[in-house]
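Engineer: Sequence:
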Amino acid sequence: MTTIRCIIAILALLISSASAQVDCFAERDSGSYCAENSSTRMFYYLPRLGTCQPFMYFGCGGNSNRFASAQECRHACANAQPARDSDSNDEHIQMKAACSARYDTDHLTPVRCSTSADSCPQGHQCTNGFCCPTSDHVCNLNYDSGKFSVGGEKSDKYFWVPQFNTCMRFSFYGTLGNANNFPNYNSCMAMCGPNARA
1 MTTIRCIIAI LALLISSASA QVDCFAERDS GSYCAENSST RMFYYLPRLG TCQPFMYFGC
61 GGNSNRFASA QECRHACANA QPARDSDSND EHIQMKAACS ARYDTDHLTP VRCSTSADSC
121 PQGHQCTNGF CCPTSDHVCN LNYDSGKFSV GGEKSDKYFW VPQFNTCMRF SFYGTLGNAN
181 NFPNYNSCMA MCGPNARA
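Each residue of the sequence shown is one higher than the one before, starting from 1 at the first, in the UniProt record's numbering.
Since the hints were derived computationally from the structure, they do not count as laboratory data. Keep in mind that a hint or two might mislead.
What the hints assert, rightly or not - Label pairs and their computed distance ranges (CB to CB): (1) S171 / V111: 23 to 29 Å; (2) N165 / Y33: 54 to 60 Å; (3) A26 / F164: 40 to 46 Å.
Think of the CB as a built atom: it goes at the ideal place given N, C-alpha and C, for glycine as much as any other residue.
Make a model of the complete structure from these sequences and hints.
Structural biologist: Rendered as structure tokens:
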């Protein structure tokens with residue numbers, strides 16, 4: 001019994017020390033060439049999109065944001081939270097908070113605004129210093145599956161379909177697209193459903 005506890009403690013220590021060495025927020029680093037034909041496809045975590053992307057690793061050096069597979073990357077960085085201070089200038093997070101956005105904002109370009117009525121594009125209103133799309137604007141956009149970022153992965157999202165008065169699932173490819181892009185059915189219905197805009 002004591003031997004089993006000892007083995008479990010050692011395994012837990014090894015796992016925690018291995019995961020402590022992984023820096024999911026380190027920039028992609030291809031390393032350097034150290035031998036002929038040493039290049040191989042690896043994956044790194046891209047925190048801005050919260051996805052794992054492929055890249056060519058040259059075989060030597062680099063950093064710990066490097067994984068043999070997308071699955072290994074997702075597992076290692078599943079709970080990755082960037083360290084942020086009160087002076088954070090991550091505009092995507094600021095925009096999501098300013099707009100009280102139920103839709104995904106990571107793929108959108110934040111637009112700052114002043115208090116003047118005409119400082120935002122049509123279908124947007126200035127809220128807390130950002131041009132936020134109105135629910136009527138978001139819910140009347142056609143869905144846009146976006147584009148693959150280099151070696152990106154698709155994810156299931158939801159969009160509002162006015163013709164059917166409901167939300168439907170679609171594959172989003174990680175970049176571009178528009179605001180009619182929700183992480184789940186309930187978020188979509190909360191913003192665009194019949195009860196939300198009554």
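Engineer: Confirm or reject each hint.
Structural biologist: Verification of the hints:
| no. | hint | in the structure |
| --- | --- | --- |
| 1 | S171 / V111: 23 to 29 Å | 26 Å, holds |
| 2 | N165 / Y33: 54 to 60 Å | 57 Å, holds |
| 3 | A26 / F164: 40 to 46 Å | 44 Å, holds |
Violated hints are absent here; each numbered hint is respected by the structure.
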